[in-house]
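Both chains are given apart, each in its own frame, so use the hints to dock them into the complex.
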Amino acid sequence: DAKTTQPPSMDCAEGRAANLPCNHSTISGNEYVYWYRQIHSQGPQYIIHGLKNNETNEMASLIITEDRKSSTLILPHATLRDTAVYYCIVRGKSAGGTSYGKLTFGQGTILTVHP
Amino acid sequence: NAGVTQTPKFRILKIGQSMTLQCTQDMNHNYMYWYRQDPGMGLKLIYYSVGAGITDKGEVPNGYNVSRSTTEDFPLRLELAAPSQTSVYFCASSPLQSYNSPLHFGNGTRLTVT
Chain A
47 DAKTTQPPSM DCAEGRAANL PCNHSTISGN EYVYWYRQIH SQGPQYIIHG
97 LKNNETNEMA SLIITEDRKS STLILPHATL RDTAVYYCIV RGKSAGGTSY
147 GKLTFGQGTI LTVHP
Chain B
22 NAGVTQTPKF RILKIGQSMT LQCTQDMNHN YMYWYRQDPG MGLKLIYYSV
72 GAGITDKGEV PNGYNVSRST TEDFPLRLEL AAPSQTSVYF CASSPLQSYN
122 SPLHFGNGTR LTVT
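Chains as they are written, first to last, in the working numbering: chain A, 47 to 161; chain B, 22 to 135.
Next up, chain B with everything else stripped away, as it sits in the complex (with noise of 0.2 Å):
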């Protein structure tokens, strides 16, 4: 029973490097989402995907990119990163089209970029 899968736990990048953040669910969720959260902060919303080839952004989409090719999977792409991108990142999923359906969250993956 995974539920929501992020890799990697840690990553620590050099300013100017790309990565990309893994997330991947079991649960057949259509509706999926990036969020980041800053220390001491509530969480922000970046991306989200409410399929296989559709995406849309959140309150904080630059500086990132998204895909969602399959149902699964949902990767979150920094291109050039930069110190403002420390962070951590969580990635969930939820099945419905609702606001009666709770998001489920992965444990995170924790980037600094120095």
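This is chain A alone, in the form it adopts within the complex (with noise of 0.2 Å):
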């Protein structure tokens, strides 16, 4: 799988966008791309994934550039709650291998929410 690199942290301001950038330079063509976060004490919780066109669910929209060696989660109005570690994530089919489970989860980038 493709590895990523996320900033280690990020702060915003309760109420405005919170966008939250992912570089997947390494990634291939049929590997999505998956957010997931995870506030403390608690289990991954999935956000949103694509593949090559932008997408947009009610809690978040995820960029991909057109090249897609990059992509950017925005939460359109930041609440205290969603302060969490965020982890973008490459998911395919490894080399050689069928595990369409695995989830390979980085360090991740804690964004603080602040009032």
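If you are wondering where the hints come from, they were derived from the structure by calculation, not from laboratory data.
Be aware that a few hints might be false.
The calculated PhoX-like cross-link candidates involving lysine-lysine, where the alpha carbons are at most 25 Å apart (straight line), are [unchecked claim]:
# : chain 1 : residue 1 : chain 2 : residue 2
1 : B       : Lys78     : B       : Lys65
2 : A       : Lys98     : A       : Lys115
3 : B       : Lys30     : B       : Lys78
4 : B       : Lys65     : B       : Lys30
5 : B       : Lys78     : A       : Lys49
6 : B       : Lys65     : A       : Lys49
This is the structure in structure tokens:
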């Protein structure tokens, strides 16, 4: 699976948009970009995923660049409850493997939303 | 709408003891997984299952065993607990054999081995 690079931490004011970047320059054509978050002591929560096109759901928007080498997760109106560790994960068939479930979690970005 | 349920939430074991971490899902998902998360680290895959009766090793299977007798349940067994197994354990499930299918996680079991 392709490796991802995220900033270790970011701040955001409550009510403003939070834009979390992710670099995945070695992504393959059939690999998806997933975003999860983990609020302290809880299990990872699925946010959104995409392959090529931009995606939006009730939680967030995902913007993937045309060359697919980077993406941005957008929380349109951040609240204090959005304070969490956000993981950008590239998911696809590992070379020679068939472990469809494998999500490789890196260090993520600690997002702090302040009043 | 329970999703993935893990029990217990917390457990303290002595070295050499054994225990089973329970995981059940009510979404009729075929795929189930066990991850562990050490402090300040990402999640690592221990075992996974593609359906009842079928299991396979992940990245860090040593010291653990699993079984999958039903679609709903995927217990994780620790036979001889060691301090290195102190961690938070997460169970997850997904419906399809596809990379376009999100995993849904439980809220974890926090295990301490002393």
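Results of checking the hints against the structure:
no.: 1; hint: B/Lys78 with B/Lys65; result: holds (12 Å)
no.: 2; hint: A/Lys98 with A/Lys115; result: holds (10 Å)
no.: 3; hint: B/Lys30 with B/Lys78; result: holds (24 Å)
no.: 4; hint: B/Lys65 with B/Lys30; result: holds (19 Å)
no.: 5; hint: B/Lys78 with A/Lys49; result: holds (22 Å)
no.: 6; hint: B/Lys65 with A/Lys49; result: holds (15 Å)
When each numbered hint is compared with the structure, no violation occurs for any of them.
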